[in-house]
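S.K.: Sequence:
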Amino acid sequence: MENSFIHVRGAKEHNLKNISLSIPKNRFTVVTGVSGSGKSSLAFDTLHAEAQRRYMESLSVYSRQFLEQFEKPEVDAIDGIIPSIAIEQKTSKGSPRSTVATITNIYDYLKLLFAYIGQPHHPVTGKKLKKYTIEEMAEKLLSLPMGTSVMLLAPLIKKAKEDFIPLLEQMQKEGFLRARIGGQLIEIEEARSYSEENVHKVEVVVDRIQIEPDVKSRLYDSLELALRVGKGVVCAVFKDNDGKETELQMSNLHYDPETGYLFQDLSPKHFSYNSPLGACPSCHGLGTEVDFDPDLIIPDPSVPLKDNPFVPWEKMGGVFLKVFLEDLLEQASIYGESPDKSWKDCSEEFKKTILYGTTSNKKKSKKPFEGVIPALRRIFKESSSALLKSRLKDFLFSVPCRVCQGQRLNPEILSVTIEIEGWPAFNISQAMLLTAFDSLDWAKSLYSLHKEDKGAREILSGLITRLENLVELGVGYLELNRQSSTLSGGESQRVRLASLLSGELTGLLYVLDEPSIGLHPRDTAKLIKMIKKLKELGNTILVVEHDEYTIREADFIVELGPGAGTKGGELIYTGPFEELLKSKKSLTGAYLRGELSIPVPPKRRKPRAKWIRLYGVKEHNLKNIDVSIPVGLFCCVTGVSGSGKSTLVNDVLAKIFLKHLQDPKIEPGSFDRVEGLSLIKKIVVIDQSPIARSMRSNPASYSGVLTLIRELFAKLPKSKILGFSATRFSFNVPGGRCEYCKGEGVIEVEMAFLSPVYVVCEACQGKRFNRETLEVTYRGKNIADILDMTIEEGCAFFRNIPELFEKLELMANVGLGYLKLGQPFSTLSGGEAQRIKLAVELLKGSEGKTLYILDEPTTGLHFADIDLLLRLLHNLVDRGNTVVVIEHNLEVIKSADYVIDLGPEGGSGGGYVVVAGSPEEVAGEKASWTGKYLQPLVKQNRS
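With my numbering, letter number 481 in the sequence shown gets 483, and the count goes up by one each step, no holes.
Heads up, some of the hints might be wrong.
Said to hold, decoys possible - Below, a list of computed lysine-lysine pairs in the PhoX-like style, where the Cα atoms sit at most 25 Å apart:
#1 LYS346 to LYS851
#2 LYS346 to LYS383
#3 LYS569 to LYS783
#4 LYS941 to LYS608
#5 LYS27 to LYS528
#6 LYS317 to LYS383
#7 LYS246 to LYS142
#8 LYS308 to LYS324
#9 LYS684 to LYS720
#10 LYS218 to LYS203
#11 LYS353 to LYS343
#12 LYS271 to LYS241
#13 LYS657 to LYS744
#14 LYS822 to LYS569
#15 LYS839 to LYS657
#16 LYS343 to LYS324
#17 LYS14 to LYS383
#18 LYS308 to LYS271
#19 LYS27 to LYS612
#20 LYS343 to LYS391
#21 LYS612 to LYS851
#22 LYS537 to LYS612
#23 LYS587 to LYS605
#24 LYS684 to LYS14
Quick caveat, the hints were computed from the structure, so don't treat them as lab data.
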């Protein structure tokens with residue numbers, strides 16, 4: 003029985019308070035609790051870290067130097083630990099070559115499929131290329147009338163070469179006697195008499211055969227010999243029924259007899275954009291190239307030519323600017339353009355010449371003009387100045403490769419297609435444009451067509467399994483070529499989970515961080531089904547989660563708390579779900595049994611006359627929809643995963659206002675027109691992009707509180723006497739910081755091939771500052787003492803300094819009061835990091851008429867934390883602001899004033915407005931998946 007559990011004794015990592023527990027193996031366990039209670043510290047920083055560390059220790063010292071190292075976590079003992087895989091909510095920049103298809107190995111199956119059943123075409127003419135087996139060649143010739151004389155030729159040279167005589171002499175040594183040179187049959191011995199200038203084609207005669215019943219064996223042998231000598235091509239010459247000489251060229255490779263084009267024998271490597279065999283020679287498989295953007299070069303086309311509308315030359319200045327202006331005005335004179343004329347009013351011919359250059363001019367006496375963009379390309383390439391290159395980078399943008407049009411592969415490989423009735427003919431790049439939904443339908447159609455072919459059947463079975471995993475995990479709307487760096491944390495986690503499911507590994511500990519993030523309640527059941535499938539393979543699943551359905555479906559539950567930070571880290575409950583509901587200590591249990599609940603606003607705000615209206619929105623999968631968003635309300639955009647929520651809010655709505663209010667260079671997604679721009683004076687977007695996590699970044703520095711504290715210390719009498727400025731109280735620059743640890747507070751000790759060890763700095767005892775700096779105090783506290791305060795303690799300490807108190811109070815109001823002001827971001831959980839970002843955006847303040855856009859702000863939040871968040875958002879609306887939230891959490895949706903539900907499905911099946919109105923109106927719409935799950939909560943509210 004002892005082998006059936008992972009026993010943890012004395013876990014003290016981060017805020018864990020010496021807890022001990024036993025987690026059952028081969029079971030589905032959920033770790034829950036309020037944000038900051040220690041869930042990630044237990045699951046990732048203790049269990050996963052120890053499993054990884056022990057695995058590393060089993061390797062040789064040589065091997066360890068190439069792998070990520072893990073410190074031993076703060077725990078007395080862990081028994082029964084097994085190898086682990088962690089799937090966290092991490093969205094990194096990643097490689098541009100990494101896509102949904104490569105992560106899940108779907109692309110490997112597509113490469114196999116196209117190499118196996120793909121039909122090559124001529125890359126220029128598009129003509130299908132025929133490939134014959136020897137059996138097919140023999141049957142074709144044996145079908146000729148009996149007695150037909152056939153001459154088999156093997157082509158040696160297609161065009162004249164000086165060395166064809168030595169080649170024929172070599173053929174003569176191998177036993178060949180005759181050749182056809184320039185269409186004329188001769189003995190090889192007579193070949194020297196031919197003038198090489200008149201030779202266009204050289205073929206050697208392999209055999210002369212008369213079609214008879216007993217010639218089959220000889221024909222096979224001769225064809226094999228001809229193909230070997232002719233490098234895959236054979237020419238059969240015979241007379242047809244009319245006595246006309248006919249030539250039939252055949253190949254055991256894909257071959258075009260009209261042009262002589264011979265297609266290479268295909269392998270999966272040919273379809274890889276990471277291989278020189280398949281990659282586009284121009285972009286080397288990236289699909290994009292960087293070039294200078296005319297819109298960035300000329301941001302204001304109303305500027306007259308004499309004032310130079312070309313910004314790069316203003317930045318380069320000096321001789322560059324002087325010479326360019328002279329050339330520009332000279333060209334203007336040639337084309338009859340006035341120097342006082344604005345760029346936008348100039349002729350298109352003149353604009354094209356200035357941007358891209360010309361080799362000739364209207365006046366022959368004038369020199370050719372290089373052109374702005376070619377000149378910038380040359381300067382950027384040839385310049386050795388890092389500063390100049392840095393300035394020019396502002397004008398670069400990424401565009402699809404001009405050779406492959408973004409398809410990453412060379413023209414030959416892109417000419418290989420798979421055709422099936424009911425579908426367009428796809429090359430592999432076009433197949434990658436399909437969503438997992440559509441790709442699954444396509445693969446199933448191919449399976450039906452090729453089910454008798456064992457090779458195709460096995461490839462398609464593997465492909466279908468992997469596509470089904472993506473669909474079942476709720477990410478079927480993703481395109482296969484979607485770059486991994488563009489995935490949200492939840493999407494990235496589920497895509498990696500799909501890959502692991504396909505591998506069918508057993509005996510592992512899987513540690514997942516809120517995999518339900520970004521999933522509609524309808525799709526959560528599918529996720530749980532896949533997690534249980536992973537468990538049934540013989541694995542142990544440990545999930546950090548707040549989702550109610552996930553908690554109810556778990557075999558075992560661990561709750562930490564009771565609070566967050568220093569108030570958390572205690573073991574509140576372990577056991578099955580049924581007992582959790584009875585636990586009086588459990589905050590989660592209190593919410594699940596209805597003892598505590600998130601209240602619905604007693605009275606919903608009603609839409610007034612002011613609306614933001616978007617017409618003809620058709621970005622990505624949005625179906626040319628019209629959307630109206632009420633100003634001054636709390637609006638929630640919902641829908642199943644992939645229905646178009648992020649496209650509508652982030653790619654269209656947010657960018658429209660960012661372009662209007664902040665940066666004209668921003669390009670929103672496709673739409674026809676917008677109304678209501680004047681109703682918004684400011685926009686704040688809080689998305690899911692991660693914040694920096696380093697030893698030097700902390701809540702005080704990130705929020706700007708540290709700057710105010712440093713300025714306060716610089717104004718103190720002792721600082722003025724000693725000549726200390728605000729810089730003196732920074733641990734990032736020399737002067738006031740401890741130089742022994744460079745302001746880190748810890749010293750990194752290298753351990754050769756092992757992971758480095760961090761020890762408290764002996765000089766400053768972890769306080770980061772030198773002795774002279776620490777002697778300056780405010781109300782008995784030096785700068786290190788203040789950074790060691792929690793945010794709540796800071797509120798009390800700085801209550802009489804309004805500017806400081808306001809910032810600290812707002813961070814406390816979003817549930818971060820337990821964090822220390824100087825706590826490194828590297829120690830924060832995902833939920834804490836997100837709320838820090840939210841708090842900092844809100845700290846910027848608003849005088850009303852601000853549009854706040856939030857993308858799933860409930861990420862990492864417990865029921866109690868969501869209650870706190872909702873109060874803050876309603877407070878923003880009460881101040882005259884508009885809040886638009888993308889959300890799946892039903893507690894948030896039921897609390898909104900107005901809901902816009904997209905769908906009805908994801909991917910190509912989504913992109914419509916299913917219903918818009920109050921939560922009650924959405925709950926009453928039968929076509930709405932959101933309404934179906936919202937209905938019980940609305941009924942409960944009415945009762």
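S.K.: Next, verify each hint and record whether it holds.
M.R.: Cross-check of the supplied hints:
1. Of the pairs offered as hints, the one joining LYS346 and LYS851 is violated, with about 34 Å between alpha carbons and a cut-off of 25 Å exceeded.
2. Only pairs whose Cα atoms come within 25 Å are accepted, and LYS346 paired with LYS383 is rejected, the gap being roughly 29 Å.
3. Taking the CA atoms of LYS569 and LYS783, the gap is about 23 Å. The hint holds against a cut of 25 Å.
4. Between the alpha carbons of LYS941 and LYS608 the distance comes to roughly 20 Å, so the proposed pair stays at or under 25 Å and holds.
5. At roughly 23 Å between alpha-carbon atoms, LYS27 and LYS528 fall within 25 Å of each other, so this suggested pair holds.
6. Straight-line distance between C-alpha atoms of LYS317 and LYS383 comes to about 17 Å, which keeps the hinted pair within the 25 Å bound.
7. Proposed proximity of LYS246 and LYS142 is supported: the alpha carbons are some 18 Å apart, at most 25 Å.
8. A threshold of 25 Å between alpha carbons decides the hint, and for LYS308 with LYS324 the separation of about 12 Å falls inside it, so the pair holds.
9. Pair hint LYS684 plus LYS720 does not hold up; C-alpha atoms about 42 Å apart against a cutoff of 25 Å.
10. A C-alpha spacing of about 29 Å is found between LYS218 and LYS203, which places the hinted pair above 25 Å, so the restraint is violated.
11. Taking the CA atoms of LYS353 and LYS343, the gap is near 12 Å; set against the 25 Å cutoff, the hint holds.
12. With a C-alpha separation of about 42 Å, the suggested pairing of LYS271 with LYS241 is violated against the 25 Å cut-off.
13. For the suggested pair LYS657 and LYS744, the alpha carbons sit about 41 Å apart, so the restraint of at most 25 Å is broken.
14. The suggested pairing of LYS822 with LYS569 holds, with an alpha-carbon distance near 12 Å, which does not exceed 25 Å.
15. The straight-line distance between the Cα atoms of LYS839 and LYS657 is roughly 20 Å, inside the 25 Å bound, and the hint therefore holds.
16. Straight-line distance between C-alpha atoms of LYS343 and LYS324 comes to about 19 Å, which keeps the hinted pair within the 25 Å bound.
17. Taking the CA atoms of LYS14 and LYS383, the gap is about 55 Å. The hint is violated against a cut of 25 Å.
18. For a cut-off of 25 Å, the pair hint linking LYS308 to LYS271 is broken: about 55 Å separates their Cα positions.
19. Straight-line distance between C-alpha atoms of LYS27 and LYS612 comes to about 57 Å, which puts the hinted pair past the 25 Å bound.
20. The straight-line distance between the Cα atoms of LYS343 and LYS391 is roughly 30 Å, outside the 25 Å bound, and the hint therefore fails.
21. Of the supplied pair hints, the one linking LYS612 and LYS851 holds, its CA atoms being roughly 11 Å apart against a limit of 25 Å.
22. Only pairs whose Cα atoms come within 25 Å are accepted, and LYS537 paired with LYS612 is rejected, the gap being roughly 52 Å.
23. For the hint linking LYS587 to LYS605, the alpha-carbon distance of about 33 Å lies beyond 25 Å, and the restraint is violated.
24. Under the criterion of a C-alpha separation no larger than 25 Å, the hint pairing LYS684 with LYS14 is inconsistent with the structure, at around 45 Å.
When held up to the earlier numbered hints, the structure conflicts with 1, 2, 9, 10, 12, 13, 17, 18, 19, 20, 22, 23 and 24 and fits the remainder.
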